[in-house]
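For the sequence shown, full-length UniProt numbering assigns the number 302 to the last residue and increments by one with no breaks.
Simulated from the structure, these hints should not be mistaken for lab results.
DMTMM-like cross-link-like pairs, simulated, lysine to aspartate or glutamate; straight-line CA separation at most 25 Å:
#1 K119 with E90
#2 K241 with E220
#3 K245 with E219
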Amino acid sequence: MASVAVEYCGTACTEPKLSENAAAEENGTRFRKKVHESELQCSHEEHGLDRELMTPGKVAGTERLDKGYMQYGCPHYRRRCRIRAPCCNEIFSCRHCHNDAKVICSLCDTEQEVQQVCKNCGVCMGRYFCGVCKLFDDDTSKEQYHCNGCGICRIGGSKNFFHCNKCGCCYSALLKTSHPCVERAMHQDCPVCFEYLFESRNDVIALPCGHTIHKACLEEMQEHYQYACPICSKSVCDMSKVWEKFDLEIAATPMPPYCENKMVWILCNDCGRNSEVKYHVVAHKCPHCKSYNTRQTRGLGR
1 MASVAVEYCG
11 TACTEPKLSE
21 NAAAEENGTR
31 FRKKVHESEL
41 QCSHEEHGLD
51 RELMTPGKVA
61 GTERLDKGYM
71 QYGCPHYRRR
81 CRIRAPCCNE
91 IFSCRHCHND
101 AKVICSLCDT
111 EQEVQQVCKN
121 CGVCMGRYFC
131 GVCKLFDDDT
141 SKEQYHCNGC
151 GICRIGGSKN
161 FFHCNKCGCC
171 YSALLKTSHP
181 CVERAMHQDC
191 PVCFEYLFES
201 RNDVIALPCG
211 HTIHKACLEE
221 MQEHYQYACP
231 ICSKSVCDMS
241 KVWEKFDLEI
251 AATPMPPYCE
261 NKMVWILCND
271 CGRNSEVKYH
281 VVAHKCPHCK
291 SYNTRQTRGL
301 GR
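Construct all of the structure, not just a fragment, from the sequences and the given hints.
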């Protein structure tokens, strides 16, 4: 930016004057602003829009523009328009509504209502067919099934999974009596890769704390020596062997005399209890569950 020259005379000063470079820059800014306003005016006139209605402050309060707001639409969109599909020349609320209502046979190119068997050539358009999800698939080795609780089709065989109403998702039948329930556990993003877990095609597992995560993401965490849930910090596996190594390391690392009897308060991430323990530079052990997965909350301020 150009510098500003200011002239002083005694205790008073005259109005600041712009240098030649600053003045040229200001003139250029004014010129660009006028060109932009001119382009906007031409654009509005070209599309037959009243320039006065295009003012942001007046759009929200204009009765004509807001007429029918949020009164029309479909389950997919809330909008005040419909589309004409180029393939069938019929009118639908949106492209998803069209796909839910129409299907084209790949063998005879006959457009028809969604159904498993073509009404023209009689071919089965998919050995697996779900009329709810409008899903066709000839590869039945995936053992597709529709879960009414989830509202979508899943793979793996209905006999191998059960739907937990509290968690709001399907789990392996092996976890039916042992999994910890967390409200809508699958209706969230993976805490590592942030993919929406409920619709993910990758393997998802439930941690001992009840939170869910991609199996591959958990394995990657463990490769980097991360063994705590990214959401609640509870241990994700049996860490007793690791805690034994901490015991040996602490026993082999005595504290200096001025810190030997220092006490601190800790919070255990595994059992959730607060405790007062001796301070140690390596780690602090929970006296209740014997876990070293703890954090210092107060004490030893200096």
